[in-house]
Amino acid sequence: MSLAMNVAAGASDTSFDLGELEAFLTQEAHLLDEARYEEWLSLFTADATYWVPSAVNQRDPYETVSLMYDDRRLLETRVRRLMQGVMHAQTPRSTAVRQVTNAALVERQAGGALVRSKFTMVEYRRNAQRIFAGTYLHRLVRQGGALKIASKRVNLVNCEAELEGLVVPF
Amino acid sequence: MPEYSDTQLRRMVQPDRVHKHLYTDPAIFDLEMERIFGRGWIYVGHESQVRKPGDFFATRMGTKPVLLTRHSDGRVYVIHNQCAHRGAQVVAEESGNAPEFRCCYHGWSYHTDGRIKNIPLRHAYPQRLDMSDPKLAMVQVPRVQSHRGFVFASLAATGPSLEQFLGHIATSLDDMIDRAPDGEIEIAGGVFKHRYNANWKVYLENLLDAAHPLFVHHSSIEASKVQDDTVTSDGTGEIAIRQMRQNGASYGFWESQVGIWAYPNGHAYIGDYHDDAKLVAAMNDPVFREYIAALEAKKGKAEAKRILELRRWNSNVYPNVSFMSQFQQFRVVHPLSVNSTVVYTYCFRLKGAPEQMFRNTVAFANVVNGTGSLVLTDDLETYDRLGNGLASGGTEWLEISRGAGTDLADAHDGRRGKNSTSEVYLRNMFEAWLGYMTGGESGLAAAAE
Numbered sequence: 119m120s121l122a123m124n125v126a127a128g129a130s131d132t133s134f135d136l137g138e139l140e141a142f143l144t145q146e147a148h149l150l151d152e153a154r155y156e157e158w159l160s161l162f163t164a165d166a167t168y169w170v171p172s173a174v175n176q177r178d179p180y181e182t183v184s185l186m187y188d189d190r191r192l193l194e195t196r197v198r199r200l201m202q203g204v205m206h207a208q209t210p211r212s213t214a215v216r217q218v219t220n221a222a223l224v225e226r227q228a229g230g231a232l233v234r235s236k237f238t239m240v241e242y243r244r245n246a247q248r249i250f251a252g253t254y255l256h257r258l259v260r261q262g263g264a265l266k267i268a269s270k271r272v273n274l275v276n277c278e279a280e281l282e283g284l285v286v287p288f
Numbered sequence: 052m053p054e055y056s057d058t059q060l061r062r063m064v065q066p067d068r069v070h071k072h073l074y075t076d077p078a079i080f081d082l083e084m085e086r087i088f089g090r091g092w093i094y095v096g097h098e099s100q101v102r103k104p105g106d107f108f109a110t111r112m113g114t115k116p117v118l119l120t121r122h123s124d125g126r127v128y129v130i131h132n133q134c135a136h137r138g139a140q141v142v143a144e145e146s147g148n149a150p151e152f153r154c155c156y157h158g159w160s161y162h163t164d165g166r167i168k169n170i171p172l173r174h175a176y177p178q179r180l181d182m183s184d185p186k187l188a189m190v191q192v193p194r195v196q197s198h199r200g201f202v203f204a205s206l207a208a209t210g211p212s213l214e215q216f217l218g219h220i221a222t223s224l225d226d227m228i229d230r231a232p233d234g235e236i237e238i239a240g241g242v243f244k245h246r247y248n249a250n251w252k253v254y255l256e257n258l259l260d261a262a263h264p265l266f267v268h269h270s271s272i273e274a275s276k277v278q279d280d281t282v283t284s285d286g287t288g289e290i291a292i293r294q295m296r297q298n299g300a301s302y303g304f305w306e307s308q309v310g311i312w313a314y315p316n317g318h319a320y321i322g323d324y325h326d327d328a329k330l331v332a333a334m335n336d337p338v339f340r341e342y343i344a345a346l347e348a349k350k351g352k353a354e355a356k357r358i359l360e361l362r363r364w365n366s367n368v369y370p371n372v373s374f375m376s377q378f379q380q381f382r383v384v385h386p387l388s389v390n391s392t393v394v395y396t397y398c399f400r401l402k403g404a405p406e407q408m409f410r411n412t413v414a415f416a417n418v419v420n421g422t423g424s425l426v427l428t429d430d431l432e433t434y435d436r437l438g439n440g441l442a443s444g445g446t447e448w449l450e451i452s453r454g455a456g457t458d459l460a461d462a463h464d465g466r467r468g469k470n471s472t473s474e475v476y477l478r479n480m481f482e483a484w485l486g487y488m489t490g491g492e493s494g495l496a497a498a499a500e
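These protein sequence lines map, in sequence, to chains L and F.
FYI, this note's numbering numbers position 20 of the first sequence as 138, with every residue one higher than the one before it.
FYI, this note's numbering numbers position 283 of the second sequence as 334, with every residue one higher than the one before it.
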């Protein structure tokens, strides 16, 4: 589905209530905490992108490398890998919890909204606990009455650090 | 004082096996920092990172923090990032441009080639403070040489030249440059810094290991196999998924179509893929075809053909670089301790190539080198398992014998495996290791003989 179609599909509904957006972000975080990745994937539009830049204020995901940058096709493969029975990088599995706060409606767009929030994610795996924190930028659209993620950008405060492997999505 | 005599070190490296202490003993690590990283040619950076006078790039030689700088005389220098006064780190940024370097502590300042420029309260020091003393400086690393823009440095004042050290592996560095239609390359596209909890050597080993992808990368091979290729992609997913599927090639592929070549001083490369349709830069890819046209226009058809037929996958310049000239990936290994390593990975932009080509390089970097990649994360886990496993009380000796006895002599004092699954590159690296570790001041020369 093209971007133009997304916008057109939601164009009739420009009412975005901050409470509804916050509830959506909370539910998304809950699905990730419970490792319900397929349900998490279903929150994204058919042409969505998921992006974790490698540098502060990174301009785009094309001219600079990214800790994670998935178009819809790669995001599907990422999720399928997370659901695999054998995956060395998740043997043993991580457990994680995310807190999403400070949500603000940055901009109303045609048929959509740009929402900024702050998050922390605590990940535990094999006797080690890691803390990640940063800013989420969700571009949300309404499709068939439901909110969907057209793009999600995750600005980690330590994106430029020397990091061990990142497997669990933020 | 070293705890290991030369005899003991020699006993730990045998033709078909090495002792696990090479990966686990802090005393061995300290010796490696002194005798390998403290003497040999170590890759420091690329000249495109320090184009203008005053440009600097902070990195490490072994565990020692150094700066690569471009001085006002136009030359590049490598200097220790340490103030001559009280020993503080002078430059705290990773890169930038500065007219001079000034210590935050008492304001001692230095020229960008490391020479002392000014000392506050100089009148209060006794006469012995001689401003022309080369030690009163951010001390220069004694030897710095560039191979067509790739800057290497040695902490030893004497030893073989960079070109002697590189030998035939220089052709892999040349391949990176030759692939640019304009004959020039630059580091671009940011950096990954991935860390793991095991010895530095395992990284170099894995990058030439043809037998690991089927097992290590099982999860991404399986996940990519069934991906619907009609789902929206901006090109990123297409490149990533093609590479993941390629990792699933059977042993038959690695044994019949891929080779491995090893050369003096620990260098080696794996490559020579013949089935271009399976490659990321496939010959039928429109961007790659546009690139070939640009290459032919600048270099002529015959030279373009020669360049493109050199199909090297990973090349290692021992002991701290593994790079991929074919797809412009460059990885620099920084040992932190015996069981902790960080790898910085970079992309090169080929001047004169289509813009989309560099975007493909970035997408490829994300899948093969990305800290959050679906592929690399299983490698990093494997390194951690090596770190954990080697701490156990099980086997003392580690195998390096696959393909032993079937290696073939090759030109340029090299040898090649019967096919790419041969561990000839391991045997070759450990021969170099032993040369460095037992060869005294001229360890490298001994290794080359």
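Please keep in mind that the hints were generated in silico from the structure rather than gathered at the bench.
In this text the structure is predicted, and so the values were computed from the model without any measurement.
Glycine included, C-beta positions come from ideal geometry on N, C-alpha and C.
Check the hints yourself; a few may be wrong.
Counterexamples of contact, computed for chain F against chain L with all Cβ distances above 10 Å [stated by the list, open to error]:
1) H269
2) S270
3) K349
4) R410
Below, simulated SDA-like cross-link-like pairs (lysine to any residue); rule was C-alpha separation at most 25 Å, straight line [unchecked claim]:
5) K71(F) x E282(L)
6) K276(F) x E157(L)
7) K244(F) x E282(L)
8) K244(F) x E157(L)
9) K168(F) x S212(F)
10) K244(F) x N298(F)
11) K103(F) x A173(L)
12) K402(F) x D178(L)
13) K356(F) x D178(L)
14) K115(F) x A279(L)
15) K186(F) x R199(F)
16) K103(F) x A246(L)
17) K402(F) x D151(L)
Legend entry - K186(F) paired with R199(F) [C-alpha distance capped at 25 Å]: violated, 30 Å
Legend entry - Straight-line alpha-carbon gap K103(F) to A246(L), limit 25 Å: violated, 44 Å
Inset, instruction - Hey, is S270(F) genuinely clear of chain L, shortest beta carbon separation above 10 Å? - result: With a cut-off of 10 Å, S270(F) comes too close to chain L, as the shortest Cβ separation is near 4 Å.
Legend entry - Reported absence of R410(F) from the contact zone with chain L (all CB gaps over 10 Å): R410(F) not clear of chain L: closest Cβ-Cβ about 5 Å, inside 10 Å.
Inset, instruction - Starting from K168(F), check that the Cα of S212(F) is at most 25 Å away, please. - result: Between K168(F) and S212(F) the Cα gap is close to 31 Å, so the pair fails against 25 Å, i.e. violated.
Inset, instruction - Please work out if K244(F) and E282(L) have their alpha carbons no farther apart than 25 Å. - result: Given pair K244(F), E282(L) holds - Cα atoms ~9 Å apart, limit 25 Å.
Legend entry - Pair hint K356(F) and D178(L), alpha-carbon separation not exceeding 25 Å: Between K356(F) and D178(L) the Cα gap is close to 34 Å, so the pair fails against 25 Å, i.e. violated.
Legend entry - Holds or violated: K276(F) to E157(L), with C-alpha atoms at most 25 Å apart: Given pair K276(F), E157(L) holds - Cα atoms ~21 Å apart, limit 25 Å.
Legend entry - Given hint E282(L) paired with K71(F) - CA-CA distance at most 25 Å: holds, 24 Å
Legend entry - Hinted pair K244(F) and E157(L), Cα distance within 25 Å: Violated, because 31 Å separates the two Cα atoms, which is more than 25 Å.
Legend entry - Distance rule for H269(F), whose beta carbon must clear each one in chain L by more than 10 Å: The claim breaks: H269(F) does not keep its Cβ more than 10 Å from every Cβ of chain L (closest is about 6 Å).
Legend entry - Given as non-interface: K349(F), partner chain L, CB spacing beyond 10 Å: Given a closest Cβ separation of 23 Å, the condition holds.
In the structure shown, a violation is registered for the earlier hints numbered 1, 2, 4, 8, 9, 13, 15, 16, 17, in ascending order.
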